[in-house]
Every structure is written in structure tokens, then in C-alpha cells.
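Q: Work the whole structure out from these sequences, hints included.
Taken in order, the sequence shown gives residues 1 to 412; the numbers are from full-length UniProt numbering.
Since the hints were derived computationally from the structure, they do not count as laboratory data.
Given the structure is predicted, the values throughout are model-derived calculations rather than measurements.
Do not take every clue at face value.
Here are the computed distance ranges between Cβ atoms for each label pair [stated by the list, open to error]:
#1 409 to 58: 20 to 26 Å
#2 214 to 166: 35 to 41 Å
#3 307 to 73: 33 to 39 Å
#4 348 to 178: 44 to 50 Å
#5 346 to 125: 26 to 32 Å
For each residue, glycine too, the CB sits at the ideal point set by N, CA and C.
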Amino acid sequence: MFTLSPFSNSTSPNLLCPTRLHFLPIRSTLFRSLQVASHRRDFRARLSSESLPPPPEHRIVLGCGLVLVDFLAAVDSYPKPDDKIRSTSSKVQGGGNAGNALTCAARLGLNPRLISKVANDGQGNSILDELESDGVDTSFIVVSKGGNSPFTYIIVDSKTKTRTCIHSPGDPPMTANELSQSSLSRALDGARIVYFDGRLHDTALVVAQEAAQKNIPILVDAERKREGLDDLLKFATYTVCSAKFPQAWTEAPSIPSALVSMLLSLPNLKSVIVTLGDDGCIMLERNIDGSSDSEEMDVDSLLELLKQRKDESAVLPLCISSLVTKLTAKGIGAVSGRLFLGTAEKIPPSELVDTTGAGDAFIGACLYAICAGMPPEKMLPFASQVAALGCRALGARTGLPHRTDPRLASVF
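A: In C-alpha cells, the structure reads:
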């Protein structure tokens with residue numbers, strides 16, 4: 001029988017208490033407004049420089065995956081067949097899962113390197129320039145003499161807050177023999193973690209094998225079933241999944257039971273996260289200390305109990321977690337670990353612009369959190385907050401915050 005409470009709650013009052021500023025009266029209205037603005041800038045500067053922890057000591061992260069150009073158009077509502085409509089705003093910027101996630105990681109303070117491929121064309125040059133301007137090392141990106149760089153058309157529906165992507169792959173595709181052993185060794189040198197977005201599967205597998213031999217942790221983005229992804233997941237230390245992936249991959253009846261199945265199927269996996277949009281995220285972390293568990297509980301039932309502990313009035317992301325428990329999934333098996341429920345920020349409808357790249361931002365923040373040694377109770381709200389900030393502007397990268405952003409002060 002389950003007798004002890006399996007819960008712990010990481011809710012911190014600091015997350016819910018806004019900072020108040022008080023200013024002395026000043027005669028001149030104009031001078032007062034300038035003085036207030038100056039005080040605010042000074043406060044934010046102090047906030048960003050004094051209260052921030054230093055960047056992680058080991059902050060090199062290697063990524064392997066897709067980079068491209070996004071052509072974005074926001075419309076009042078998605079067009080019907082044969083309609084002709086006008087965009088309300090548009091933007092051209094770099095995109096691709098790996099490019100977005102590493103841009104996020106760079107802005108937060110990591111030193112990312114990227115293995116990918118572009119063509120020697122205008123779009124390829126734009127991709128490289130934008131990544132370099134954000135601090136991403138592009139020296140391991142292959143540039144083909146001919147062909148074309150990949151790009152994606154993205155239509156953002158302002159009414160439903162959804163986006164539709166039409167992708168055109170680059171040509172010729174990257175092959176594993178385009179990455180020399182010497183380049184791979186240099187790319188992995190000093191890396192704290194290696195990240196894969198599931199593309200470039202032949203190249204990714206070579207990189208993963210080398211990283212595993214060097215005992216470098218690996219994070220895999222499992223967005224959907226792809227060629228070669230199963231082989232890549234065997235090397236994964238951490239996995240971040242889309243909402244549909246766990247059940248599609250395991251054929252389990254629920255998300256929690258699918259997470260149990262993934263940990264049982266992938267012995268190298270320490271933890272798996274599934275992102276759920278407005279519903280936040282769920283994380284299952286394997287217990288690796290070898291202790292035996294007297295408590296046993298159905299994983300679906302435990303998740304429901306965690307949901308009951310949510311503070312529905314909280315605006316900023318929070319995390320609720322269980323104690324180490326033997327988590328069972330009917331017909332699948334059992335695993336010893338902890339279950340975490342992370343909430344999402346409640347973004348006012350007037351501020352929600354575009355969810356493109358929200359998952360990439362979440363992963364970029366997770367990469368930072370792992371390098372910084374954040375516990376899950378801190379990592380999940382941090383990653384959710386970073387992703388939410390990115391949803392306040394058109395495009396995957398426009399709204400990505402820098403580490404000095406005062407809006408991150410409560411979760412850094």
C-alpha cells in the first residue's frame with residue numbers, strides 16, 4: 001500500500017512576488033519621466049549584472065542538425081483554398097531546429113558549435129552570418145559549392161495562434177563522409193553535451209558514437225518518427241519529446257506509461273521530457289542511486305495527484321515533483337524514479353504572437369540548465385519561461401531572450 005506522500009513542491013514565493021520600485025517626487029514632468037526611465041535602466045543593469053549567476057564553467061555544447069531560412073508571414077486567419085489574402089506582418093530570418101536551439105543557448109551564455117550543411121548561395125551566407133552574430137561557431141558547417149540551402153515557408157494564423165510550415169530541403173543533402181575525423185574530434189573537444197535534432201541521421205549517428213566513446217552526455221530532440229532516430233535514441237542520455245512522440249514510439253495507452261516504456265527500452269536514458277504547449281511539460285527521471293523502493297504507484301495515478309497540487313492562479317511556470325517512487329505502467333513494467341509536472345506561463349492573449357520554435361527554445365534552455373547543473377525543479381520552469389518569451393514575437397529567434405533579460409531574473 002502507498003503510505004508515504006510521494007510529493008515535494010518547488011513553488012518559490014520569489015516567483016510570484018514582483019519587485020516594486022519607488023521614486024521621489026520631481027517637479028518637472030519631463031525630467032521625472034527621464035529620471036524614472038534612467039532608474040529603471042540602472043535597476044535592470046544591476047539586476048542583470050549583480051544577481052545573475054556566472055555562466056557555467058563548462059559551457060561548450062555541440063549540436064548536429066538542421067539550419068535553414070524561414071520566410072514568415074502573419075495573417076488574420078489561414079486562407080481557404082483559392083483565396084488571395086494579405087499578410088499583416090512578415091519576416092525573413094534563420095531557422096531550423098538545431099539552429100534555433102543553439103541560438104537560444106548562445107544568448108543564455110553557452111558556447112555552441114554546430115554541425116550542419118548549407119549551400120554557397122545567398123540564403124546559405126545569410127544563415128551563417130546570423131548564427132555567427134549570435135555567437136554560434138559555424139566552422140563545422142559544410143558549405144557545398146553548388147545546390148541550394150534549405151528553407152521553410154511559415155504561415156502564422158493570428159486568430160488561432162497556430163502556424164503552418166512548408167519545408168523545402170537543401171540539396172545536396174549532407175553525408176557522413178563530409179565530416180572528417182579530425183573535424184569531429186575538434187568539434188567534440190571540451191564539449192559538455194552533444195545535442196541532436198533528429199536530422200542528418202547518418203552524420204548524427206557517427207557523431208553520437210564518437211561522443212559516447214568519450215562519455216559526453218547526449219540530448220536528442222524526438223519531435224516525430226524519423227529515419228535513423230531509433231539508432232540515435234540508443235545513445236541518448238536525455239530526450240525531449242513532442243506531445244505525440246512518446247505514445248507514437250511506444251504504442252503505450254498514455255503519456256506517463258509511454259515515458260516508463262521509454263526508460264525501460266533505452267537503458268542509457270537518464271530522463272525524458274514531453275512538452276505539452278499550454279499544458280506545460282512532464283518529466284520522468286530515472287533513479288540511478290541503486291536504492292530500493294518500498295513505495296509503488298501507478299504512474300498515471302501519480303500524475304493525476306501531481307495535477308491536483310497545481311496552483312491554478314500562478315502566472316509564471318512552476319514545478320511539482322514526486323519523491324523517488326517505483327512507478328508502474330500496466331502491461332509495460334516498472335521503473336524507479338521521480339515524476340515532475342511543469343506548468344507553462346500564462347501568456348496574455350494580447351502578447352502571444354507566434355509559437356514557431358517554442359520547442360527549440362525549450363531545448364536551448366535545457367542545454368543551458370544541464371551545463372549549469374540545475375536540478376529538474378529549477379530547469380523546467382526556466383526552460384518554460386525562455387520558451388514563453390520567444391512566443392511574444394514573430395519568428396523562432398526574434399523573441400529569444402539574452403541572459404541579461406530582467407524577465408529571467410526569477411528563474412535563473
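Q: Each hint should be assessed against the structure and marked as holding or not.
A: Verification of the supplied hints:
no., hint, result
1, 409 to 58: 20 to 26 Å, "holds (24 Å)"
2, 214 to 166: 35 to 41 Å, "holds (38 Å)"
3, 307 to 73: 33 to 39 Å, "holds (37 Å)"
4, 348 to 178: 44 to 50 Å, "holds (46 Å)"
5, 346 to 125: 26 to 32 Å, "violated (40 Å)"
The structure fails hint 5 only (numbered hints given earlier).
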